[in-house]
Structure formats: C-alpha cells, structure tokens
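Novice: Sequence:
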Amino acid sequence: MAMAQWENRDSKAALFSMKLDDTWTYKLLSVDHKPGYQGEMQRIIKAGGRVESQEQKKYNTNQNQQNTNQNQQNTNQNQQNTKQKNNNMKMWLKNIQAPGLAISRSFGDYLGSKIGLIAEPDIFQFNLNNYDKFIVMGSNGLWEFLNLDQILNIVNEYYEQRYINQLAAQQAADYLIDLAQQKWVQNDSLIDDITVIVVFLKGSQQNPINNLVN
1 MAMAQWENRD SKAALFSMKL DDTWTYKLLS VDHKPGYQGE MQRIIKAGGR VESQEQKKYN
61 TNQNQQNTNQ NQQNTNQNQQ NTKQKNNNMK MWLKNIQAPG LAISRSFGDY LGSKIGLIAE
121 PDIFQFNLNN YDKFIVMGSN GLWEFLNLDQ ILNIVNEYYE QRYINQLAAQ QAADYLIDLA
181 QQKWVQNDSL IDDITVIVVF LKGSQQNPIN NLVN
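Numbering (the UniProt record's numbering), first residue to last: 1 to 214.
The reader is advised that the hints may include incorrect statements.
[Stated by the list, open to error] Distance condition first, Cα-Cα at most 27 Å in a straight line; then the derived DSS-like pairs of lysine-lysine:
{"#": "1", "residue 1": "K12", "residue 2": "K202"}
{"#": "2", "residue 1": "K114", "residue 2": "K90"}
{"#": "3", "residue 1": "K114", "residue 2": "K94"}
{"#": "4", "residue 1": "K90", "residue 2": "K19"}
{"#": "5", "residue 1": "K27", "residue 2": "K202"}
{"#": "6", "residue 1": "K46", "residue 2": "K19"}
{"#": "7", "residue 1": "K19", "residue 2": "K183"}
{"#": "8", "residue 1": "K46", "residue 2": "K202"}
{"#": "9", "residue 1": "K90", "residue 2": "K12"}
{"#": "10", "residue 1": "K183", "residue 2": "K94"}
{"#": "11", "residue 1": "K202", "residue 2": "K90"}
{"#": "12", "residue 1": "K46", "residue 2": "K94"}
{"#": "13", "residue 1": "K202", "residue 2": "K183"}
{"#": "14", "residue 1": "K114", "residue 2": "K12"}
The set of hints was computed from the structure by calculation and includes no laboratory data. This one's a predicted model, so the numbers in the text were calculated from it and none came from an experiment.
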C-alpha cells in the first residue's frame, strides 16, 4: 500500500508505527517550506528577493538610516548571519521591508510570487505495512508547542479504543486541537490556525476513520 502526500507551507504529517516488541516509532512524512532552507533560499534569491531574520531586518533598517561605521558593522552582521537558524528566516523584497513571509510556498500571495514564492507542492510516496498504525496531519498551530512524543501518547490512548469507539480518531483530533490551543494561550499572545487530521490506517480496524477538524 502506498500513500501520496502533498505538503505546503508549514504543515506537517507524521506516521506512527509499532514494532514487534510493542514499542512505538514515528517519522515525519513531510518537509517544511521555509525561506531559510537551502533549496528554497536559492529560488528566492534568484528571483530577486532577500532571505533574513526579523532581527536582521531591523538591524539593516537601522543601518540604512544611520549609515555609520558601515564596513565594520557589515562584518559583524555577516558573522551573526551564520548563526541564524533556518526556521527563523523570512523572505523580503530586495529593497523594501515587505512582505516578511516565514513560508516559501503558499497560495494567492501576489507580492510574494514576485520574489520566488510558489504554490508548487512536494509529493512523496511511501510504502505502508502492518506495523504502521496511524497518521497525524496538522497545520503549524498543532506542531508549534507539541512534539511527536506528546502527540503519540495522546493519539495512542484513542487508538487503543478503536474497536469499541468508532469516534476515536475524531476525539483524538478534537483533543489535540484543544491542547494545542491551551499551549498557544500559555506561550503566545495569538493563536495560530489549528487544523488536525487523524487517520487510523487500514488493517488497524475494519472501518478506518479519516477525520478533518478545524
């Protein structure tokens, strides 16, 4: 059995499997589309855009305004650039402080499309086997404050109920959304979109459930 996976923006999909010794394993099935990642960065720069962090953007804006000690400060800034994490980078117009996108692929962004933003997906195919038990897909709102171990522990509780509870996958998705919302309230002033799909794979139960909850 195979699964074709389409991923855009900063959503993720993860496959959870149980080995013969009843221990769980998991792996991500998707890749993030972020400006700081090498292939994405090359495309953006080639299209005439810039890739830098919010902190770099503020720094460069101040530099343009002050225009003092330029050579030395540029040297220091180049050293700082090497320490920036890829996932903190954003894409900008070459000479304008916009749009500041933290993603490198999406739909409908006219300004971003001028500097390398595309809507083309990555498509992967995976062979599934009887050890693969469920898949969890979610937007960035799910993954920002929850790790794979936490998600495994939560969904597994509902997975064990699959034979007696036909709403188990639905309830797992609901619980993940509620918990993710709580994490956002605790850690941020805003709450990102949280969309979750929980899939119990065929062979895990007679009637696998595929639920989409916003």
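Novice: Would you mind marking each hint as holding or not holding in the structure?
Specialist: Cross-check of the supplied hints:
1. K12 x K202: holds (21 Å)
2. K114 x K90: holds (15 Å)
3. K114 x K94: Answer holds: K114 to K94 is near 11 Å, not above 27 Å.
4. K90 x K19: violated (39 Å)
5. K27 x K202: holds (18 Å)
6. K46 x K19: violated (45 Å)
7. K19 x K183: With Cα atoms ~31 Å apart, K19 and K183 exceed 27 Å; violated.
8. K46 x K202: Since the Cα atoms of K46 and K202 sit roughly 44 Å apart, the hinted pair is violated (cutoff 27 Å).
9. K90 x K12: With a Cα-Cα distance of about 19 Å, the restraint between K90 and K12 holds, given a limit of 27 Å.
10. K183 x K94: Answer violated: K183 to K94 is near 36 Å, above 27 Å.
11. K202 x K90: Status violated; Cα separation ~40 Å.
12. K46 x K94: holds (11 Å)
13. K202 x K183: The hint is violated at about 32 Å.
14. K114 x K12: Between K114 and K12 the Cα gap is close to 26 Å, so the pair holds against 27 Å.
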